[in-house]
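Q: Fit chain B to the given chain A structure using the hints.
In order, the protein sequences belong to chains A and B.
First residue of the first sequence: 1, per the numbering used here; consecutive thereafter.
First residue of the second sequence: 1, per the numbering used here; consecutive thereafter.
Hints are computed from structural coordinates only; laboratory data are not their basis.
One or more of the hints may lead you astray.
Straight-line distance between alpha carbons at most 30 Å, and here's what the computed DSSO-like set of lysine-lysine pairs gives [as the list claims (entries may be wrong)]:
1) Lys119(B) <-> Lys67(A)
2) Lys85(B) <-> Lys103(A)
3) Lys36(B) <-> Lys67(A)
4) Lys14(A) <-> Lys77(A)
5) Lys343(A) <-> Lys193(A)
6) Lys119(B) <-> Lys322(A)
7) Lys27(B) <-> Lys77(A)
8) Lys77(A) <-> Lys38(B)
9) Lys85(B) <-> Lys343(A)
10) Lys77(A) <-> Lys67(A)
11) Lys85(B) <-> Lys63(A)
12) Lys112(B) <-> Lys77(A)
13) Lys27(B) <-> Lys63(A)
14) Lys38(B) <-> Lys27(B)
15) Lys67(A) <-> Lys85(B)
16) Lys322(A) <-> Lys36(B)
17) Lys36(B) <-> Lys63(A)
Distance windows between CB atoms, simulated [to be verified]:
18) Ile24(B) <-> Phe39(A): 32 to 40 Å
19) Leu20(A) <-> Lys119(B): 22 to 30 Å
20) Asp279(A) <-> Glu94(B): 26 to 34 Å
21) Thr96(B) <-> Glu73(A): 31 to 39 Å
22) Thr330(A) <-> Gly88(B): 20 to 28 Å
23) Tyr108(B) <-> Phe300(A): 31 to 39 Å
We treat Cβ as the ideally placed atom computed from N, Cα and C, and that holds for glycine.
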Amino acid sequence: MPDWSIDIIITLIKIVVVELVLLTGVAYTVYAERRVSAFIQHRYGPNRVGYQGLLQPLADVFKLIMKEDIVPERANKFVHSLAPAISLFVALSTFAVIPFGDKILIAGKEIKLQIADVNIGVLYILALLSLGVYGITLSGWSSNSKYSLLGGLRSSAQMISYELSMGLAVLGLILINSSFRLDTIVMNQYGWKWNIILQPIGFITFLVASFAETNRTPFDLPEAEQELVGGYHTEYSSTKFALFFMAEYAAVIVSSAIITTLYLGGWQFPYLQTFGLPDMAVSIIQVLTFCGKTAFMVFFFIWVRWTIPRFRYDQLMNIGWKVMLPAALTNLILTAIVITIIKLNS
Amino acid sequence: MLSDFGQVLIFMIISIGFVAIAVISGKIVGPRFASKGKDSTYECGEDTVGDTWVRFNFRYYVVALIFIIFDVEIVFLFPWAVVFKEMGLLAFIEMTIFLFILIVGFIYAYAKGDLYWDKPQPIVPKLDRQIFKSEI
Chain A
1 MPDWSIDIII TLIKIVVVEL VLLTGVAYTV YAERRVSAFI QHRYGPNRVG YQGLLQPLAD
61 VFKLIMKEDI VPERANKFVH SLAPAISLFV ALSTFAVIPF GDKILIAGKE IKLQIADVNI
121 GVLYILALLS LGVYGITLSG WSSNSKYSLL GGLRSSAQMI SYELSMGLAV LGLILINSSF
181 RLDTIVMNQY GWKWNIILQP IGFITFLVAS FAETNRTPFD LPEAEQELVG GYHTEYSSTK
241 FALFFMAEYA AVIVSSAIIT TLYLGGWQFP YLQTFGLPDM AVSIIQVLTF CGKTAFMVFF
301 FIWVRWTIPR FRYDQLMNIG WKVMLPAALT NLILTAIVIT IIKLNS
Chain B
1 MLSDFGQVLI FMIISIGFVA IAVISGKIVG PRFASKGKDS TYECGEDTVG DTWVRFNFRY
61 YVVALIFIIF DVEIVFLFPW AVVFKEMGLL AFIEMTIFLF ILIVGFIYAY AKGDLYWDKP
121 QPIVPKLDRQ IFKSEI
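Extracted from the complex, chain A is given alone in its bound form (with noise of 0.2 Å):
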């Protein structure tokens, strides 16, 4: 066989896995959603189907697939169908560009565990993040509810305004590593050098953020039951309600791994090389960090979504452009004076 058709296959290979794994994940996600959040409001949560409820996930498939598809008469059938689809492919698609994991050895053949290492990483992710906007404002629009529109209308203007707090809060990381690539920027955080030690006010900021653009609680204003019913997905049954909830849990899985990949390390284990492990084992305990890490995450954005309650509008917006946004310019200069002033003394 020729090389390239080789270094094809195992492209195709790493991606049908990541795909399988991050939809499990998503699946899985929403058990581990339902089971925490019982947890934390002393009930049991589902526990019937398999053992400990882990069927669960598949059951629910299976209903939304088996339930009745309905389009309102005077929506716009086809943008009505296409939103949902929007929404999960560009939750997925982010995915391409994170690393997973460093380079595995499998019959001396060295492989990359990522997808694709693209030079501009970094700008993928926030292009890819930014058309998430679309999905929920078209599905607001095309229904032709109320609720529906509002619901929309709300969610682009949240999404774009925490958006700019996004871009800032990054701008910090490429001032320190020089590089819009993901995987340079997992290498330079080696040992302890974190990003989140060195970069606290841009954590944060790029946290919350990411909280607001995931339209999770507190930022849910976009599908405020005691006010909108369902928000933007009002409307939507079957399968096109299976794939908003499924972009959600997407999302958030995507937006952990992100965080991760900027601010956590990412596959990094502190001090792993110094124990003298065969190279399969690094490799493997470095995926099982990221993943790890990026469970916690996902953990973190479920335990945030069962303690506290949704903020009012007005507090939302005054959030994201009087606290959030300044916060992310100071972090900004802060870290070009701090990187000016080192680069004097040496």
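A: Relative to the frame of chain A, chain B by itself:
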């Protein structure tokens, strides 16, 4: 050999495949019993009142405008951030001037009240008597 963005493209195509399978399977498997009440627009069981395209708060529009201004400025900051370590003091001074203008614009928008969002002022009904007071 695939380029990096070729791999991203394959990833996107496979994502689209997964999404398409989900949408189509729902269309094939799910039942379809159309009825007038079911297909009507949801409004808590009432008939819908008026047009759906209601007039909404113009502040959404103002927020979008301010967003565009700041987003474009951030786009200018990205290339600066990459080469910052090589450029040294000159880049720092230049960008300080740029950020100063940006912050002046931000303070202007703030002072003009463009970032002000109305606080809800709920009308609390005044009652003659306490409903829950025991009448015994």
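Q: Kindly indicate which numbered hints from before are broken by the structure, ordering the numbers from low to high.
A: 1, 4, 11, 12, 15, 16, 19, 20 and 21
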